[in-house]
Amino acid sequence: MTDTELINLIKNDDPRGMSTVYETFRSEFVHWIMRLQRCGNEDAREFYQASIIILYDNAKAGKLDALRSSLKTYLFGIGKNLVWQRYRTNHREQVIGAEFYIKNYLYEDVDNQAAEEINLEIISHSYNQLGEPCHELLGYYYFGRKAMEEIAALMGYKNPETAKNQKYKCMERLRKMVFGTLHSQPTDPKPVTEE
Amino acid sequence: MNPNLHDIDLIQRYLDRSLTDTEKASLEERLKNEPVLKTMYLEHQQLIKGIRYSYLQTRLQQLRALENSLPQIAPVKKGKQVWLVTYWKQATAIAASVALFAIAFMLWNQSATPQELYAGHFKAYPNVFEPITRGEANPSKRTEAFAAYEAGNYTKAAALFTELLAEKEEAGMLMLLGNCYLVLGNTAEARNQFIRLINDFDDLDNQAKWYLGLSYLKEGDVKTAQLIFQELSNSEFSYSARARKLLNEIR
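Those protein sequences? They're chains A and B, same order as listed.
According to my numbering, the first sequence is numbered sequentially starting from 1.
According to my numbering, the second sequence is numbered sequentially starting from 1.
Just so you know, these hints were derived from the structure itself, not from any lab.
One should not assume that every hint holds.
[What the hints assert, rightly or not] Below 25 angstroms or equal to it, Euclidean Cα-Cα: the simulated PhoX-like pairs (lysine-lysine) are:
| hint | chain 1 | residue 1 | chain 2 | residue 2 |
| --- | --- | --- | --- | --- |
| 1 | B | K38 | A | K169 |
| 2 | B | K168 | A | K146 |
| 3 | A | K164 | B | K38 |
| 4 | A | K103 | B | K38 |
| 5 | A | K63 | B | K24 |
| 6 | A | K164 | B | K24 |
| 7 | A | K176 | B | K38 |
| 8 | B | K24 | A | K146 |
[Stated by the list, open to error] Stretch by stretch, here's where chain A covers chain B in the computed footprint (C-beta under 8 angstroms, at least three residues):
| hint | segment |
| --- | --- |
| 9 | 149 to 161 |
| 10 | 188 to 195 |
Heads up, the beta-carbon is just placed ideally off N, CA and C, and yes, glycines get one too.
This is chain A alone, in the form it adopts within the complex (with noise of 0.2 angstroms):
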């Protein structure tokens, strides 16, 4: 299979993608992070699964649809960087979970006030809590990165404008879930329904 028909599958969110590219790389990825970083099999695998998720996310947000390099090439240069992120730590001689590397990149963008709050493991319990229609439609949105109009017809709303604002009604129900206030009532978030 190409890099391109890899990425592809990935991008559908076909589970074949991302196992595949995992199987391939493996041994030869672990075995490279092994010398590289002097640490352990289990340590090295870390480091590996949390450079597949991070690729997985790329892709899914288009960042390898003109990709210049190989996928593996792509691959490797994401485990250098997490090897020097772990250089900037003070915890070189013990297993960090792939967790560390994949909260550091989502950092990343964020801005450096926001970063110094950020909860994610509150707002992502808060999210598994939220229920549907919600879970799915900001799922939908600020992860399958759909458009509104694809989103309308995958869920039946009646026209993107209504799929947009129940998204803006979710938002504020996760947003009083976890920060505990509302700017506003738009609306009783309770049931959240279609306009």
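Since the structure of chain A is provided, determine the placement of chain B on it from the hints.
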């Protein structure tokens, strides 16, 4: 439009980098002067990151399940070894190793039946195809099927996968249905799924061949199993090491 909705829309477009230069300059000015708007912006940014993190965590769990199903990564072969023992010590050590290996091999060869080899090597393929959200009020048939598989209820999972596959053929479902049949002891049906998977899809071929070989081994058809594992052992995929190990045990 609700004024908050308008502002959120602006913030979203700002983050998407789709505002015009004028709109962008105006919003940046407002963010400097309106603390409520600034808070709304920062919170919005955090919520988006949190939603993305939630999905990436789910994918990470899938990778970890996949990792657990794969063979251990073999240590790197060292190019140069410094031998500290003398030649005769080396020869003695080698001879002893060969003898021990031969004894172990004979003992193993006497005791390990194809079925025992199967039992030692079979591990159900993990569900890396469909994340399961626990506690859904009205789970779909699809969710129920994958949840049953994860819970080890292979009879229920097989029945549901069969119904779903009649509607639409999917590589992941064929892989898991084949695994269900292997666990349930129906090797012929298991093989049907793996062969369909190999014929109709391109991406899980090596995995399907591994389980296909195991299905023959379970039936005691060692020759066919050997042929399949031989083919796998020549591939560059991670299953090749696993296949080589099993071939050594069969011989």
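Does the structure break any of the earlier hints, and which numbers would those be? 9, 10
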